[in-house]
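Residue numbers (the working numbering), protein chains in the order written: chain A, 6 to 118; chain B, 57 to 168.
In case anyone wonders, no lab produced these hints; they're calculated from the structure.
All residues carry an ideal CB built from backbone N, CA and C; glycine is no exception.
Heads up, some of the hints might be wrong.
Unchecked claim - To give a feel for the contact side, a few chain A residues facing chain B, derived at Cβ under 7 Å:
| # | residue |
| --- | --- |
| 1 | Leu-51 |
| 2 | Leu-53 |
| 3 | Lys-54 |
| 4 | Pro-84 |
| 5 | Trp-88 |
| 6 | Asp-104 |
| 7 | Gly-111 |
As the list claims (entries may be wrong) - Below 20 Å or equal to it, Euclidean Cα-Cα: the simulated EDC-like pairs (lysine to aspartate or glutamate) are:
| # | chain 1 | residue 1 | chain 2 | residue 2 |
| --- | --- | --- | --- | --- |
| 8 | A | Lys-105 | B | Glu-86 |
| 9 | B | Lys-73 | B | Glu-118 |
| 10 | A | Lys-105 | B | Glu-135 |
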Amino acid sequence: AQSVTQPDIHITVSEGASLELRCNYSYGATPYLFWYVQSPGQGLQLLLKYFSGDTLVQGIKGFEAEFKRSQSSFNLRKPSVHWSDAAEYFCAVVLYITDKLIFGTGTRLQVFP
Amino acid sequence: EAQVTQNPRYLITVTGKKLTVTCSQNMNHEYMSWYRQDPGLGLRQIYYSMNVEVTDKGDVPEGYKVSRKEKRNFPLILESPSPNQTSLYFCATKKDTFYGYTFGSGTRLTVV
Numbered sequence: 006a007q008s009v010t011q012p013d014i015h016i017t018v019s020e021g022a023s024l025e026l027r028c029n030y031s032y033g034a035t036p037y038l039f040w041y042v043q044s045p046g047q048g049l050q051l052l053l054k055y056f057s058g059d060t061l062v063q064g065i066k067g068f069e070a071e072f073k074r075s076q077s078s079f080n081l082r083k084p085s086v087h088w089s090d091a092a093e094y095f096c097a098v099v100l101y102i103t104d105k106l107i108f109g110t111g112t113r114l115q116v117f118p
Numbered sequence: 057e058a059q060v061t062q063n064p065r066y067l068i069t070v071t072g073k074k075l076t077v078t079c080s081q082n083m084n085h086e087y088m089s090w091y092r093q094d095p096g097l098g099l100r101q102i103y104y105s106m107n108v109e110v111t112d113k114g115d116v117p118e119g120y121k122v123s124r125k126e127k128r129n130f131p132l133i134l135e136s137p138s139p140n141q142t143s144l145y146f147c148a149t150k151k152d153t154f155y156g157y158t159f160g161s162g163t164r165l166t167v168v
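The following block holds chain A by itself, in its conformation from the complex:
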């Protein structure tokens, strides 16, 4: 069955440090991949998406993600984290046939000053 795995439940980084959040997917075909961010008490905001083409995609708020087919991964990165990046991050994949968005279990990011 198609699935999305985010192996890190909780990550803590210092402000200014680099960040990488891991995401692995299980899907037979080339997936449509997304990263969403949920700030405390807020809804989900789309950070970036990958459909095809260039495997390194740029998103909002200085985030980027790289699609690696050989590793079935779509990791989210940011070179320098800001305190306002503290939030929960969700990786998601769209099932092509049903057009349904399937989420990973999320990674909570904590940023220390």
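Fit chain B to the known structure of chain A by using the hints.
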């Protein structure tokens, strides 16, 4: 401004008392969906609707009903809420897959 509006934002209710969570979008999108978010489980789809009068079950539909009588509204109905339906609920809509989903701000429901 493109918006998905959910009401209420917070709700505490008792077991068995019927309730409705409303969702309205102003983007004229055909597709709408409901998700619930639980710790350690991420977001799971409850129901979705491809268009007016067209609804279908998602992954966790038990205990829920929906209706889609007009394009902008997609209410979630809990006929007889139970404590295991305590959760954070999100309504979402999309123009098409490429543009991604737009989510409402969420409804935190507590059933006691």
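Taking 7 Å as the limit, does the beta-carbon of Gly-111 of chain A come near enough to a beta-carbon in chain B? 5 Å, holds
Restraint: Lys-54 of chain A near chain B, CB-CB cut 7 Å. Satisfied or not? 6 Å, holds
Given Leu-53 of chain A as an interface hint, is its Cβ closer than 7 Å to any Cβ of chain B? 9 Å, violated
Hey, does the Asp-104 of chain A contact hint survive, CB to chain B under 7 Å? 6 Å, holds
Going by Cβ atoms only, is Leu-51 of chain A closer than 7 Å to chain B? 5 Å, holds
Regarding the hint that Trp-88 of chain A lies at the interface with chain B, is the smallest CB-CB distance below 7 Å? With a minimum Cβ separation of about 22 Å from chain B (threshold 7 Å), the hint on Trp-88 of chain A is violated.
Going straight from one Cα to the other, do Lys-73 of chain B and Glu-118 of chain B come out at no more than 20 Å? Distance of about 16 Å is within 20 Å: holds.
Within a Cα-Cα threshold of 20 Å, do Lys-105 of chain A and Glu-135 of chain B meet the stated pairing? 25 Å, violated
Can you verify the interface hint for Pro-84 of chain A: is its Cβ closer than 7 Å to any Cβ in chain B? This hint is violated: Pro-84 of chain A lies away from chain B, its Cβ roughly 24 Å from the closest one there, beyond 7 Å.
Checking one constraint from the list: CA of Lys-105 of chain A to CA of Glu-86 of chain B, max 20 Å. Satisfied? 14 Å, holds
Comparing the model with each numbered hint stated earlier shows that hints 2, 4, 5 and 10 do not hold.
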